[in-house]
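Enquirer: One letter stands for each residue in the lines below.
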Amino acid sequence: MSASKSVRLSAVALVLTLFAASCAVLEKGTDVLNTANKVADDVNTVKTVGEKLRSSFADITEEEEYYIGRSVAAVILSRYPVYQNDALTRYVNTVGNAVALFSDRPEIYAGYHFLVLDTEEVNALAAPGGLIFVTKGLLRRCKDEETLGLILAHEVGHVAAKHGLQAIKKSRLTDAFMFLGTQAVQRFGPQEVARLTTLFEGVLSDIVEQLVVRGYDRASEYEADGLAVKFGARTGYEPGSILRFLKTMVGDKSTASGKGWFKTHPSPEDRISSATKAIAALSSAPRIDTARTQRFAQAIAAMK
Amino acid sequence: MTKSRSVILIVVVIAVGLAIAAAQGLVVKVQTTQLRANPQFFGPTLAALKAGDRLEKVSEANGWIQVKTAAGTIGWIHSSAVTQSTVALTSTNQNLKTQATASEVALAGKGFNKQVEDSYKATHAEVSFVWVDRMIQIRIGLAQVQDFLAKGRLAGLTGGGK
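Top line first, the protein sequences correspond to chains A and B. The numbering used here numbers the first residue of the first sequence as 8 and each following residue consecutively. The numbering used here numbers the first residue of the second sequence as 1112 and each following residue consecutively.
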């Protein structure tokens, strides 16, 4: 083998080694890994090796998700009054933070926060970014801390799986990314802010429509139930409590149930069947504990 | 191919390789968090971290990443708190670049941000953020969660992680 040939072979080996190492951690960009020569010939294309341009809901940044979530939460709070009971709010936040800590997304931009809504409607809503609401009507139907833990874990599941962000129409997201992309490293002027605000309003309307009016698709709800079982059991809550809760809702025709959760969620019967499978898949399931049932009763007792 | 061209190729390849290797750092994506002594939420912390802080990955285990900070401290962070960064990858050909990546938007603090929220508020007086701001202020510390778990005889106390 000649010296120059061996040098060339070494170069190719080096290229392959570097790419093998880098590909393992790069999320995207395999499209440009066609040949080592292509990259070697044009260093400029390295930009697209590092990270693909933004194209889907998954590319929304953590901070953007937080700001979208804040406004979605504000819109929800313009429709429902807050139930002001500091002790109860703190208790719900503690249960919620406990299950969030055992979720697949324990860290989120500004943390998980929970509020109780002052309505007898049975409902729970999760805005992107970890701002979660549960109604008084739903709390009344919880028999114990296990049930509350599993319901909050279901909402944390929606956040962890970014179901809210998936509600944003694809075309709207494409427009937003195109606009934000060209402006990203510049300072926004008044015209840019006005255009961005219009795009932002569209994003909010897509999410609120899905959360409050239409509901997620069945697959997302089953996924959130599966995550509730997983996160709840990891925390130490008895996962079967979600089944007991859903069973109490079968055939419920009360006015409070006709709205909210029951309008936007699949039937309790179908969810029971799906959640049962998720529970069966657990290697072991925690049991209910009286210490928790007692503190739940105490927290709920003051609720008027 | 002449010998000198081979050498140039090697130099280019090494430069590209190093640029890509540099891109394998991590950036904190949550507002604030802690560098922890062990791969678990409960226990001693080593340093406060904030959004945009750059970290170097050392190893990985069960949803936790062992990292090294710019100051050289080695500790653990949950994978949900960081994102891959693309540092030092600036294209010299602007024709290739008509859009920004998520990392660039995040690091520039642009995108849907406070400025956009303020503009939205200005045109939507009917939507109040008072309770949103109060909600964000409700903070349950890790020590309180740990105490709550213990008193409720809940969970293995490791916390978080796939």
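A few of these clues could be false.
To be verified - Straight-line Cα separation of at most 25 Å, BS3-like style, residue types lysine-lysine; simulated pairs:
(1) A/Lys59 <-> A/Lys150
(2) B/Lys1262 <-> A/Lys177
(3) A/Lys150 <-> B/Lys1262
(4) A/Lys176 <-> B/Lys1262
What the hints assert, rightly or not - Derived coverage of chain A by chain B (criterion: at least 3 residues anywhere in the stretch with Cβ under 8 Å from a Cβ of chain B; other residues may be distant):
(5) 75-86
(6) 145-153
(7) 219-227
(8) 240-253
(9) 291-304
Quick caveat, the hints were computed from the structure, so don't treat them as lab data. Computed from a predicted structure; not experimentally measured. Don't be surprised by glycine CBs; every beta carbon is placed ideally from N, CA and C.
Enquirer: If a hint holds in the structure, say so; if it does not, say that too.
Expert: Going down the list of hints, with the structure as the test:
no. : hint                   : in the structure
1   : A/Lys59 <-> A/Lys150   : 48 Å, violated
2   : B/Lys1262 <-> A/Lys177 : 46 Å, violated
3   : A/Lys150 <-> B/Lys1262 : 19 Å, holds
4   : A/Lys176 <-> B/Lys1262 : 45 Å, violated
5   : 75-86                  : holds (count 8)
6   : 145-153                : violated (count 1)
7   : 219-227                : violated (count 0)
8   : 240-253                : holds (count 4)
9   : 291-304                : holds (count 5)
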